[in-house]
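J.: Residue-level listing of the chains:
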Amino acid sequence: MSDAKNMRNELNPRLQEMLAAYGTMPERDPESARRTEARFMAELNKVFVEQATSKPAARRSTFLALPSNFNRLKESFLHATARRSALFVITALIALGVFLFSGVGITAYAASSSLPGDPLYPLKTTIETARADLTADPATRARLYVYFGGRRLSEIQSLLGEGRYEDIPQAAAEFEKDIQKALSAIESLSQADPTQAVALNRQIAAVLRSYSYLLTHLLARTPGDIQPAVQSAINASQSAANFLDATNGNDDDGSGTDNSNGGTHLPHASNTPQATGTPGPSSDASEAPQITETPVPLFTATEPPPATVAPIPSATPAGNGGPVIQGGDETCQGFLGAVTVENLEVPQGASCTLDGTRVQGNIFVRNGASLTAQRVTVIGNIQAEGALLVEVLAGSTVGGSVQLKQGGSARVENVVVNGDIQFESNNGVLSAASNQAGGNIQVFQNVGGVTIASNFVIGNLQCKENSPAPGGGNNTVQGSKEDQCAGL
Amino acid sequence: MNSSPIIDKQALAEIYERYSPAIFRYAYRLLDDNDLAEECVADTFYRFLIATRGGTTFENLRAYLYRIAHNWITDHYRRQPPLNISLEDEVHADPDGNPSNLLVREQDRQRVRAALLRLSPEQRQVIELRYLEDWSHYDVATVLGKTVEATRALQYRAVEALRQILDE
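For the protein sequence lines, the chains are A and B, in the order given. Positions in the first sequence are counted from 1; adding 42 to them yields my numbering. Positions in the second sequence are counted from 1; adding 12 to them yields my numbering.
Hints were generated in silico from the structure; no laboratory data involved. Quick caveat: nothing in here was measured; it's all calculated off a predicted structure. Just so you know, even glycine gets a beta-carbon here, dropped at the ideal spot from N, CA and C. Please note: incorrect hints may appear among the correct ones.
[Unchecked claim] Incomplete in silico selection of chain A near chain B, CB under 7 Å: (1) Gly65; (2) Glu85; (3) Pro164; (4) Leu435; (5) Ser467; (6) Val471.
[Unchecked claim] Pairs of lysine-lysine, DSS-like flavour, derived with a Cα cap of 25 Å: (7) A:Lys219 x B:Lys158; (8) A:Lys523 x A:Lys506; (9) B:Lys158 x A:Lys223; (10) A:Lys523 x A:Lys447; (11) B:Lys21 x A:Lys88; (12) A:Lys447 x A:Lys506.
The shape of chain A in the complex, shown without the other chains (with noise of 0.2 Å):
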């Protein structure tokens, strides 16, 4: 019973019934809501301009008392394109994430980029603030925070590049009242629907390690007296991850089990742990990111963590309990674990298992191979032509597209995925399931069944010319099911 109800039955009947009485109003008229409507459209489009950008695909809306700012984010765009850095294609990970965590209606807010410290900016927080309101189901909620939270770390990025150190802090604080709300959101969840909340707790404390681990990149590109406040969205964001694992109970294995507790209990930006190994303040910027004690549970507790981000040449090739390679283009046959390598290729024939391996580019997986992976984050693509088996698991992430064509069996489930998960013409059985895509799931042509099941999918779910008809369920679908998907 709500807070106001038990009030309520504190009243004298009596007087609930008046009260009650008072509450009731006739039907809005609804030609007068229309007009009263309509006179707020007008008011909109009185403040509000539409411009033409140099693509005419693209059309932008500042106000109209704001012309050099709306130029202002114009150039800024065409710069941050311009750019093609690696540490560019890192970032374009949180650029893509932009649409994983949303709801429906979340791409009018990607027309606002605007940045701390412009007067737009306001309206970008508020309009982000509104459209959390608008949102009663918490997980829902928590999910539009994480993403919040990583706008505001593409918002650093694009201060870093524009030279605009003074405003970081603010992303940096806005970027951890994201992470605190997301966390409020989940003890809501947690306390209404404790099986879900361990499954969304799961979800984004990976991507929460995600974010710390960008954040991590961006530091080292932060002047000295801004990199307190960065660090401090370092500690918030992995003091949420941990804390998220934590009240799991460390519960990787799938089962959904819960805390005992049965409730959240939410850290405090303020109180969260000082990670070690991080620059200090005087740091020079310059400086490779010190990740070697990142917190974080992707790596096992056997497993060393990365020593570094940065590539440097491979050590010893791929093999049966190294973890030890950092860096560089690699082939796995057998077990990789915890390291870090640029782009990762699974050869004809060859079986591979990757656990809590970061790769910064893509896997491909050749003609008959196998690959299992738990635990990686992929900045790129996963690509399989012809593999024999395709198993991404729990705890990954993705910042690009799955794509799985011409070969046998796959699973794809609990993970994050930024851009597509494709099965296409495959003849062995297939799965995707409780993954969040932020493009879209598309099924076709495959013929040894596809199961397909509690994903959150920002894109549309397809699923064409499969035989026999993808199975499965409980798809939250922000785009739209289509054909044999429709039901699902």
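Chain B: place on chain A using the hints.
T.: Only chain B this time, still in chain A's reference frame:
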């Protein structure tokens, strides 16, 4: 991926769509006039637009909108004090409904409204938000700019005052 650019004004329109019905209800109850309530809604969202353009940040947009609507209603009655509605005024029932039930309900409605208008604006608001809108103490406190404890105390006094007026 949907790449169609949708501009911010659509987001603002979404905000209007979401909040305007509740603001209308709030206004209508206190104003008891459809046109005035619509005017209140229009003005509330106009002020929101202007504030947004001016760079105002809203930590709690819902609270902000109710506060604007509340101020609008308070200003309205300041300019044009309500007619001295007697709590015993006879109210005519809707001839199409059940005459006795409707008559009692309409009388109750008008009596509560008249009583609320005799409360202070803050007392009136806390009754509205707590008992008619089912808001939490925290949310009401946000609108009023008070602590939760102060809001609880205000609510207690408001209920007592309302009882006394209705018992007169």
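J.: Indicate, hint by hint, whether the structure satisfies it.
T.: Hints, one by one, checked against the model:
1. Taking 7 Å as the C-beta contact cut-off toward chain B, the hint placing Gly65 (chain A) at the interface holds, the least distance being around 5 Å.
2. Annotation: Glu85 (chain A) was flagged as interfacial toward chain B, and the flag holds, the nearest CB pair being 5 Å apart, inside 7 Å.
3. About 4 Å separates the beta-carbon of Pro164 (chain A) from the nearest beta-carbon of chain B, less than 7 Å, and the hint is met.
4. Residue-level restraint check for Leu435 (chain A) is violated (minimum Cβ-Cβ distance to chain B is 25 Å; threshold 7 Å).
5. Interface hint status for Ser467 (chain A): violated, as the beta-carbon distance to the closest one in chain B is roughly 22 Å, over 7 Å.
6. A least Cβ separation of about 28 Å between Val471 (chain A) and chain B goes past the 7 Å threshold, and the interface hint is therefore violated.
7. With a C-alpha separation of about 22 Å, the suggested pairing of Lys219 (chain A) with Lys158 (chain B) holds against the 25 Å cut-off.
8. Using a Cα cut-off of 25 Å, the hinted pair Lys523 (chain A) and Lys506 (chain A) holds, with the two alpha carbons roughly 11 Å apart.
9. Under the criterion of a C-alpha separation no larger than 25 Å, the hint pairing Lys158 (chain B) with Lys223 (chain A) is consistent with the structure, at around 22 Å.
10. For a cut-off of 25 Å, the pair hint linking Lys523 (chain A) to Lys447 (chain A) stands: about 21 Å separates their Cα positions.
11. In summary, the hint linking Lys21 (chain B) to Lys88 (chain A) is supported, as the alpha carbons are separated by about 11 Å, within the 25 Å threshold.
12. The suggested pairing of Lys447 (chain A) with Lys506 (chain A) holds, with an alpha-carbon distance near 14 Å, which does not exceed 25 Å.
Violated hints, listed in ascending order, are 4, 5, 6; each of the other numbered hints is respected by the structure.
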